[in-house]
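Respectively, the protein sequence lines represent chains E and X.
All residue numbers for the first sequence refer to my numbering, where the first residue is 281 and numbers rise by one.
All residue numbers for the second sequence refer to my numbering, where the first residue is 281 and numbers rise by one.
If you are wondering where the hints come from, they were derived from the structure by calculation, not from laboratory data.
Remember, predicted model here, so these are calculated numbers, not experimental data.
For glycine and all other residues, C-beta sits at the position ideal for the given N, C-alpha and C.
Treat each hint with caution, since some may be false.
As the list claims (entries may be wrong) - Derived pair list, reagent style BS3-like, types lysine-lysine, alpha-carbon separation capped at 27 Å: (1) Lys527/X with Lys498/X; (2) Lys472/X with Lys420/E; (3) Lys420/X with Lys472/X; (4) Lys332/E with Lys348/X; (5) Lys432/E with Lys348/X; (6) Lys420/X with Lys502/X; (7) Lys484/E with Lys502/E; (8) Lys498/E with Lys432/E; (9) Lys420/E with Lys498/X; (10) Lys420/X with Lys498/E; (11) Lys498/E with Lys498/X; (12) Lys498/X with Lys432/E; (13) Lys484/X with Lys420/E; (14) Lys502/E with Lys420/X; (15) Lys502/E with Lys432/X; (16) Lys348/X with Lys368/X; (17) Lys368/E with Lys345/E; (18) Lys332/X with Lys484/E; (19) Lys432/E with Lys502/X; (20) Lys420/E with Lys502/X; (21) Lys498/E with Lys527/E; (22) Lys502/X with Lys527/E; (23) Lys472/E with Lys420/E; (24) Lys332/X with Lys348/X; (25) Lys332/X with Lys332/E.
Said to hold, decoys possible - Examples of chain E residues toward chain X, derived with CB under 8 Å: (26) Gly300; (27) Gln313; (28) Phe314; (29) Pro315; (30) Pro325; (31) Ile374; (32) Leu384; (33) Ile415; (34) Met494; (35) His497; (36) Glu542.
Number of protein chains: 2
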Amino acid sequence: MPNTNQLPIRPVFIISDRTGVTAGTMSHTLLSQFPNIYFERHTIPFVDADDKVKASIRQINHSYKTHKIRPLVFTSFMDTNFTHEIEKSDGITIDLMEPFIHSLEHHLNADSSHKVGQAHGMSEEHDYMHRIDAINFSMKYDDGVRMGDYDKADIILIGVSRAGKTPTSLYMALHYGLYTANYPLADDDFEKGVLPDALIDSRKRLFGLTIDPMQLHKIRQKRRANSEYSALQQCQREVLQAQQFYKRYRIPHADSTAMSIEELASSIVHRMNLEVSYL
Amino acid sequence: MPNTNQLPIRPVFIISDRTGVTAGTMSHTLLSQFPNIYFERHTIPFVDADDKVKASIRQINHSYKTHKIRPLVFTSFMDTNFTHEIEKSDGITIDLMEPFIHSLEHHLNADSSHKVGQAHGMSEEHDYMHRIDAINFSMKYDDGVRMGDYDKADIILIGVSRAGKTPTSLYMALHYGLYTANYPLADDDFEKGVLPDALIDSRKRLFGLTIDPMQLHKIRQKRRANSEYSALQQCQREVLQAQQFYKRYRIPHADSTAMSIEELASSIVHRMNLEVSYL
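The whole structure should be built from the sequences, with the hints applied where relevant.
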């Protein structure tokens, strides 16, 4: 990580009439293109009324007075009046919505509804229930606790202990609404030399995770230092044996070592051609 | 949900050199402003080489031939050459990055690095480990299974069974890297009339969830139909008693009934002034 103490500081506000998650992700991606500036981020969500807009402007102007530099202000409002108000502040306003809305209205030959929160419309209740069901399923079928009944699973992640199965499963359930089971490959399976029957029956839904043995060693050391479980040799052997399974059963797989949870999940969805209910 | 069968269909491609998650969220927000069109979305992630760009263009052109309408193509590339290639396809290209990068270069008086994947830089490993620790913590402290040692918890969600504690906890761990415990308020607690000591000791980190009793009744019916647990009267009583706790102990709280998981989580982070490691 660069030593952020030595970088120039630039305050950034992310202001949205909703959660600010979209504007936050978007501005994060954009600002990461300027690695030599340290951005001090403040998110102000749910700014959906005049008094809240005014309060935001006070914060922006206060920041300008304190830091003697105009803060960047990313806005995501459906009501353009709010954007125009923010533009009068001491910040530099970057409207993340309007440029695209105009161009879309043109290309689609349709007026936009300009309504707050359309992104969570009438299907929200159904979506919510579905995602909660997916999360419950994924917790219930975490770590091979329950097996044998993988009928409802959209996907089953396999891999050695600490290869990243649990966070990836939960992300896929939360974000994509996928029923994601996971099963830990362990010495038991490697000694038998075959996958458990329940997995073989669901072979088309298996996806393997692999990981650099040295990284695995580091992760396991944190959990159980100087144990057989965390020994580098043990990690090397397990990873190798898991990879042999993937090869023999032709199981698609990915290396979690240098990938974020988002990247892994997105890549699995894409490669397995999974239908997703969300995003 | 509108009957999507009757809406005109417009194919949409989301093409990114990374996961496509940012571009997906952004385009979802934008397109939701046009509720009278049914957008058929295709995400193509990890388009980071010439041959992958060419393959994407083939898909776009094929869609145009099939549907006789130019698909919308949202792009998020750091290499602008890729964007220019896509612009030559039969789709309508909407570049989500370039307009902002230019304006930011101007305002920041700095060149952007234009590098793929800056958003996941050198702090990724630390970030990843932290989020995994947060997820492990949140699973371990789910549903009041472990109590008494809430020292490491950033936040403790409380509420009646099925009020939305588990998905919100996991989202906060996954997305914000927050150590989120949760504890189910139940008849036991209501009969005693006081919160468990472990919770009282961590009072400043408590956040309550409440829910419309009718909605709760519906959710519980799905889980255990026609039981005492799911009876409307039982739901009404529990919700009321939980709210009395929130009032007596001055616990900030939110109603999960009409909020998405993202909204709840974002709102809790904001109201509790939590420092987040991610986004």
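Do the hints match the structure? See the list:
1. Proposed proximity of lysine 527/X and lysine 498/X is supported: the alpha carbons are some 26 Å apart, at most 27 Å.
2. For the suggested pair lysine 472/X and lysine 420/E, the alpha carbons sit about 31 Å apart, so the restraint of at most 27 Å is broken.
3. Using a Cα cut-off of 27 Å, the hinted pair lysine 420/X and lysine 472/X holds, with the two alpha carbons roughly 26 Å apart.
4. At roughly 46 Å between alpha-carbon atoms, lysine 332/E and lysine 348/X are farther apart than 27 Å, so this suggested pair is violated.
5. Straight-line distance between C-alpha atoms of lysine 432/E and lysine 348/X comes to about 37 Å, which puts the hinted pair past the 27 Å bound.
6. For a cut-off of 27 Å, the pair hint linking lysine 420/X to lysine 502/X stands: about 26 Å separates their Cα positions.
7. As the CA atoms of lysine 484/E and lysine 502/E are separated by approximately 34 Å, the hinted pair breaks the 27 Å bound.
8. As the CA atoms of lysine 498/E and lysine 432/E are separated by approximately 35 Å, the hinted pair breaks the 27 Å bound.
9. Between lysine 420/E and lysine 498/X the alpha-carbon distance is near 22 Å, which keeps this suggested pair within the 27 Å criterion.
10. Between lysine 420/X and lysine 498/E the CA atoms are separated by roughly 22 Å; this keeps the pair inside 27 Å, and the hint holds.
11. A distance of roughly 46 Å separates the Cα atoms of lysine 498/E and lysine 498/X; the hinted pair therefore is violated under the 27 Å criterion.
12. At roughly 22 Å between alpha-carbon atoms, lysine 498/X and lysine 432/E fall within 27 Å of each other, so this suggested pair holds.
13. This hinted pair does not check out: lysine 484/X and lysine 420/E have alpha carbons roughly 31 Å apart, beyond 27 Å.
14. For the given pair, lysine 502/E sits about 17 Å from lysine 420/X by alpha-carbon distance, which is consistent with the 27 Å threshold.
15. Proximity of lysine 502/E to lysine 432/X is assessed by CA-CA distance (about 17 Å); at most 27 Å being required, the pair is judged to hold.
16. At roughly 17 Å between alpha-carbon atoms, lysine 348/X and lysine 368/X fall within 27 Å of each other, so this suggested pair holds.
17. Among the hinted pairs, lysine 368/E with lysine 345/E is consistent with the structure: their alpha-carbon atoms are about 15 Å apart, no more than 27 Å.
18. A hinted pair counts as satisfied when its Cα atoms are at most 27 Å apart, and lysine 332/X with lysine 484/E qualifies at roughly 25 Å.
19. For the hint linking lysine 432/E to lysine 502/X, the alpha-carbon distance of about 17 Å falls within 27 Å, and the restraint holds.
20. Straight-line distance between C-alpha atoms of lysine 420/E and lysine 502/X comes to about 17 Å, which keeps the hinted pair within the 27 Å bound.
21. For the suggested pair lysine 498/E and lysine 527/E, the alpha carbons sit about 26 Å apart, so the restraint of at most 27 Å is met.
22. Between lysine 502/X and lysine 527/E the CA atoms are separated by roughly 42 Å; this puts the pair beyond 27 Å, and the hint is violated.
23. A threshold of 27 Å between alpha carbons decides the hint, and for lysine 472/E with lysine 420/E the separation of about 26 Å falls inside it, so the pair holds.
24. Taking the CA atoms of lysine 332/X and lysine 348/X, the gap is near 24 Å; set against the 27 Å cutoff, the hint holds.
25. Of the pairs offered as hints, the one joining lysine 332/X and lysine 332/E is violated, with about 45 Å between alpha carbons and a cut-off of 27 Å exceeded.
26. At a threshold of 8 Å, the smallest CB-CB gap from glycine 300/E to chain X is about 6 Å, leaving the interface hint in force.
27. At about 4 Å, the closest approach between the beta carbon of glutamine 313/E and any beta carbon in chain X falls short of 8 Å, and the interface hint on this residue holds.
28. Hint status for phenylalanine 314/E: holds, given a least beta-carbon distance of 6 Å to chain X, under 8 Å.
29. The criterion of a C-beta within 8 Å of any C-beta in chain X is met by proline 315/E, whose closest approach is roughly 6 Å, and the hint holds.
30. Interface restraint check for proline 325/E: the shortest CB-CB distance to chain X comes to about 5 Å, inside 8 Å, so the restraint holds.
31. Look at isoleucine 374/E: its Cβ gets to within about 6 Å of chain X, closer than 8 Å, so that hint holds up.
32. A cut of 8 Å between beta carbons decides the hint on leucine 384/E: the least distance to chain X is about 6 Å, and the hint holds.
33. Annotation: isoleucine 415/E was flagged as interfacial toward chain X, and the flag holds, the nearest CB pair being 5 Å apart, inside 8 Å.
34. Look at methionine 494/E: its Cβ only gets to about 12 Å from chain X, farther than 8 Å, so that hint breaks.
35. Look at histidine 497/E: its Cβ only gets to about 14 Å from chain X, farther than 8 Å, so that hint breaks.
36. Because the closest C-beta pair between glutamate 542/E and chain X is about 5 Å apart, less than 8 Å, the hint holds.
The structure does not agree with the numbered hints 2, 4, 5, 7, 8, 11, 13, 22, 25, 34, 35 stated previously, though it agrees with the rest.
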